[in-house]
Amino acid sequence: AQSVTQLGSHVSVSEGALVLLRCNYSSSVPPYLFWYVQYPNQGLQLLLKYTTGATLVKGINGFEAEFKKSETSFHLTKPSAHMSDAAEYFCAVSTYNQGGKLIFGQGTELSVKP
Amino acid sequence: GAGVSQSPSNKVTEKGKDVELRCDPISGHTALYWYRQRLGQGLEFLIYFQGNSAPDKSGLPSDRFSAERTGESVSTLTIQRTQQEDSAVYLCASSLQAGGPYNEQFFGPGTRLTVL
Numbered sequence: 001a002q003s004v005t006q007l008g009s010h011v012s013v014s015e016g017a018l019v020l021l022r023c024n025y026s027s028s029v030p031p032y033l034f035w036y037v038q039y040p041n042q043g044l045q046l047l048l049k050y051t052t053g054a055t056l057v058k059g060i061n062g063f064e065a066e067f068k069k070s071e072t073s074f075h076l077t078k079p080s081a082h083m084s085d086a087a088e089y090f091c092a093v094s095t096y097n098q099g100g101k102l103i104f105g106q107g108t109e110l111s112v113k114p
Numbered sequence: 001g002a003g004v005s006q007s008p009s010n011k012v013t014e015k016g017k018d019v020e021l022r023c024d025p026i027s028g029h030t031a032l033y034w035y036r037q038r039l040g041q042g043l044e045f046l047i048y049f050q051g052n053s054a055p056d057k058s059g060l061p062s063d064r065f066s067a068e069r070t071g072e073s074v075s076t077l078t079i080q081r082t083q084q085e086d087s088a089v090y091l092c093a094s095s096l097q098a099g100g101p102y103n104e105q106f107f108g109p110g111t112r113l114t115v116l
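First to last, the protein sequences are chains A and B. Going by our numbering, the first sequence opens with residue 1, and the numbers climb by one from there. Going by our numbering, the second sequence opens with residue 1, and the numbers climb by one from there.
Same shape as in the complex, but just chain B:
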């Protein structure tokens, strides 16, 4: 596709439920990043994937959060046993490669998650 796409655009769930968020990166981009944007705050790095290398999970806030990526395609971010503090916009970005100054990250429109 022309850009990074994410689905769903909005997700409302009840506390304690599991949710899956999906990201489709730009074709050919080997690096994929997940960020979280809480209301009124900046973006927090969660995790990134680069090709077949082990992902950098250093930003995941708890073991309730996990993410997978199949090859260089779609990624899913899973949040188990959701809590109200998980309410945020989850943003995905992709770039040709990870790292270096010339690999611009292109962001998707985000998934707005609301935990009731």
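With the rest of the complex left out, here is chain A:
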């Protein structure tokens, strides 16, 4: 079975500061990893995903994440936070043999201070 742990239910950064949202996963087979964002009163939107190949993946809005198998991690980063990045972020995992169903972490709420 797969599982996802997001460290920190709430992260607060200043505008222009580095954003780092942590995600660790557990999977007995090679994982597919995803980051989704949920803006207030909106649906989930895919930020980026890792499937195979290059371990550093870039997504929308300047976000990127690095798959580190040895650390079972897939942390999300952005060099410079913007006020519009304030949202809830979810890390998720699926595998080739699970029909695409996503197993989500608990979510991290990102606040950006002016």
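Derived CB-CB ranges, DEER-like:
no., chain 1, residue 1, chain 2, residue 2, range
1, A, S9, B, A2, 24 to 34 angstroms
2, A, Y39, B, L96, 18 to 28 angstroms
3, B, L96, A, L56, 25 to 35 angstroms
For the record, the hints were derived by calculation from the structure and aren't laboratory data. Using N, Cα and C, we set each Cβ at its ideal position, and we do this for glycine too.
Here the structure of chain A is known, so what remains is to put chain B in place on it, guided by the hints.
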């Protein structure tokens, strides 16, 4: 339609009543998923459909929960004899096919269910 739609957007019901939640997937998407998001928590997988194959019901929390899908179109999630712990946002997602890394799931806006 342009995206996944769900109805109603909000549903308030009394404990013990049955409720039906509806999901209209993106046209042409053969896979459809239901998730539940309790307040302050992540999304929990409930069930998914892929074409005419038997659905994967492994995430349904109890036999009070059931879901149907007609072909590759609309799906309904039914909760019988609702309990207060069923209060949550129920999200539907669809993708071209189930599984594989390239079949991105597109999510609907959700139905917020409140059981009094």
